[in-house]
Amino acid sequence: MSGRKRVGTLVVAVALVAAVATTAASARTGKTGGSSAKADTTLNIMGFGTNGDDVAKSRFAIAQQAIAPTTVSAPNGGFNDQQFLAAVASGNAPDLVYMDRAKVGTYAADGALQPLTSCVSSQKINLKQYRPAALSQVTYNGKVYGIPEFFDVRTIIADYAVLQQAGVSLKQLNTAHPSTLLAAAKKMFQSSGGQVTRIGFDPKLPEFFPLWAKVFGADILSADGLHPHLNDPKAVKALQFAYSLIQAQGGYNSFLSFRNTWDFFGSGNQVAKDQVGAWPMEDWYVNVLAGASPQVHTLLVPVRTLTGHVINYTSGSAWAIPKGSKDAADACKFAKTMTEVSTWVAAAKNRIEVRKAKGGVFTGLRTANIQADQAIYKLQPKINTWFDQNIRTLDGVMPYSFSIPASPASAEFQTAWMNAVTRVLQGQQTPKQALDQAQSEAVKAIKAATK
Amino acid sequence: MAVAAERRKVAPGPRTRARRWFGGFRERDTWWAFAFLSPWLFGFVVFTAGPMVASAVLSFTDYSVIQTTHNVGLANYRAIGTDPYVLKSLKNTLIMTAMYVPADMLLSLLLASMLARITRLGGFFRTIFYLPVMTPTVAVGSMYLLLFNGNYGLVDKALSYIGISGPFWQSDPNWIKPGIVVMLIWQVGTNTVLYLAAIKNVPQHLYEAAEMDGASAWRRFKDVTLPMISPTLFFTFIILTIYGLQLFDQIYTAFYNPSSQNTASESSLMYVIYLFQQAFVYFHLGYASALAWLIFGIIMIVTIVQVLASKRFVYYEGSPK
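Chains as they are written, first to last, in the numbering used here: chain A, 2 to 452; chain B, -5 to 315.
Calculated from the structure, these hints are not laboratory results.
Incorrect hints may have been included.
As the list claims (entries may be wrong) - Listed below are the simulated BS3-like cross-link pairs for lysine-lysine, each with C-alpha atoms no more than 27 Å apart in a straight line:
id : chain 1 : residue 1 : chain 2 : residue 2
1  : A       : Lys448    : B       : Lys82
2  : A       : Lys274    : B       : Lys82
3  : A       : Lys359    : A       : Lys379
4  : A       : Lys188    : A       : Lys238
5  : A       : Lys205    : B       : Lys85
6  : B       : Lys85     : A       : Lys445
7  : B       : Lys151    : A       : Lys445
8  : A       : Lys433    : B       : Lys85
Take these sequences, add in the hints, and give me the full structure.
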């Protein structure tokens, strides 16, 4: 092939590629822009698949209908940070994301999410219907970046059989009286040949450290998410106490190795086998127990501060709209529909039927929407004395919730206190030393994130 | 000496060599060779060289995927010097490598020596030793949690029969690293097979000669087998060292996976895990790139030292030594 011919072929090839690319681009533009192409629009969701449980599926169907004729693409799988950031960076941001509320502040500070100010006003979303603890997790720098969805409730789950065997009363599982709780833990604890065979009371460290700090009166992060208080003397005391619970029950190594043998989701779970007396836990575990071992008798006890006030350490999920969303209007409507009272009530009614058909029980839904919770509570059928009492306890503690506020460095902040607690558990540092170190690490991380 | 001097005299200079190299492109076969090589070359440029250049550039920035990227000069490299977790993770990694590499090599050599003597069922044992290599590393990490549970794991149960209580491989900072080494040695089969092949290739007449000279079994192993398989030992030494310095998947699965029952401990914080956290948990990709170049430099230096030291210990057949 001569040089001239080769150049000619190259020009033709480039022209062809350009023509194909232009056609594809214009086709794409036609798909997302203009009202005439509305029927073809697809709302791309990340973090919320269509393979969820009945509650997810029924709400999804309602929200999908609300934005018709727009269709919804929601690939299965939970929210993935790397996938999300790569999509945002490459200009292919999803239209709507479903993520842990704890992440919203960091992404808002990074500029990956858009404030929902116009969404709230255009869709007339009443922010007062959401629980303040949930709203504070999605509010950064005075602006709301997420619509809260589920709402975790943490109470103490007590195994009634163990309590009876050990002669411990529910009143003794009161976090407002640490010495009584410690004595109860020791009474319920059992070991054999130097090995733990039953944990009396598991403080669930390191992950529940914020709860223990609150019990002792410390907020480990300021409301604006910018000032950590990890080495607050009250937080240090809280860690000392929670650690002493483990030390009194065989020490961390034996304690952890025994806890790791539990069949947490199976029929031979730690409650069914009386391997634990009591421990603080999220409300979803009540559902697990109801399904896996409905014969067991558990009682829920609210967590209290040293001054006797009921508290609930909450977390949960939220809907947020990324910067670069190509269909923010539908995204907003979808998120609003997923979290509104009528949708939650429809999902609850559906779940009651589903559970009834399978011979199971409905233990309620706990959402970040106060009005929805009130409506669902009215639907709650009676189960038995145990479950009914537990459901009352869960719903009763929800108004007293607190959360870790939105922070520009939430992941680093969490790593700082988790590592600190682990250092204490492994005997490498005292609570004061560990939390002093965590404080300086958290301050440094937040300072870097806000620079 | 004279031959070497003669070689130096006739050896072509760089210009001549370059001219000859480019001259090769006049040959049709050279083009064909490059055509066949092109898929690999493309892969190398796109998936290795390209990202390496990109990470070198990123290491001088504060790239965090979303926010505006700024040039920060050497700030990332300076920050490495003041980051206590870099030193901690590097120390952990070096200790782990120092424990793992000799342990793996010694055990592999022992197994290979035993296999070399077996005349019956050799294939069966080779398969048995190699089977764990087929296990995905993530599965190995998960199995480690079950087998090495202090008190209740199979390993600790077995130890209890000989009166040993514990150890707590997953929560005691003093036992976490030895536990990980034992987990890694689970996949000792690769080196066993390599050493076995090397041992089988040692000329039989060398053993016969040594035996005639009255050499004991140990002397035959020390003075015949070891020198003859030293290139293979050296190769595995380098590969294992590089692997040890980049340890990630099994440890991440066992200690850092969100669904893991274990709490990540600073004793299990390996350098590449810290790098991963900086890059994909905190999204400090500029800093993580600098960390990547630091470990690249360390691996490079360690390998150069190993290669230089090998000149004293490795025997290549046909070499003057």
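Verification of the supplied hints:
With a CA separation close to 23 Å, the supplied pair lysine 448/A and lysine 82/B stays within the 27 Å bound. Taking the CA atoms of lysine 274/A and lysine 82/B, the gap is near 41 Å; set against the 27 Å cutoff, the hint is violated. Under the criterion of a C-alpha separation no larger than 27 Å, the hint pairing lysine 359/A with lysine 379/A is consistent with the structure, at around 22 Å. At roughly 23 Å between alpha-carbon atoms, lysine 188/A and lysine 238/A fall within 27 Å of each other, so this suggested pair holds.
A distance of roughly 30 Å separates the Cα atoms of lysine 205/A and lysine 85/B; the hinted pair therefore is violated under the 27 Å criterion. Note on lysine 85/B and lysine 445/A: the hinted pairing holds, with a Cα-Cα distance of about 23 Å set against a maximum of 27 Å. Distance restraint check for lysine 151/B and lysine 445/A: the Cα-Cα separation of roughly 45 Å exceeds the 27 Å cut-off, and the hinted pair is therefore not satisfied. Of the supplied pair hints, the one linking lysine 433/A and lysine 85/B holds, its CA atoms being roughly 25 Å apart against a limit of 27 Å.
Checked against the numbered hints given earlier, this structure breaks hints 2, 5 and 7; the rest are met.
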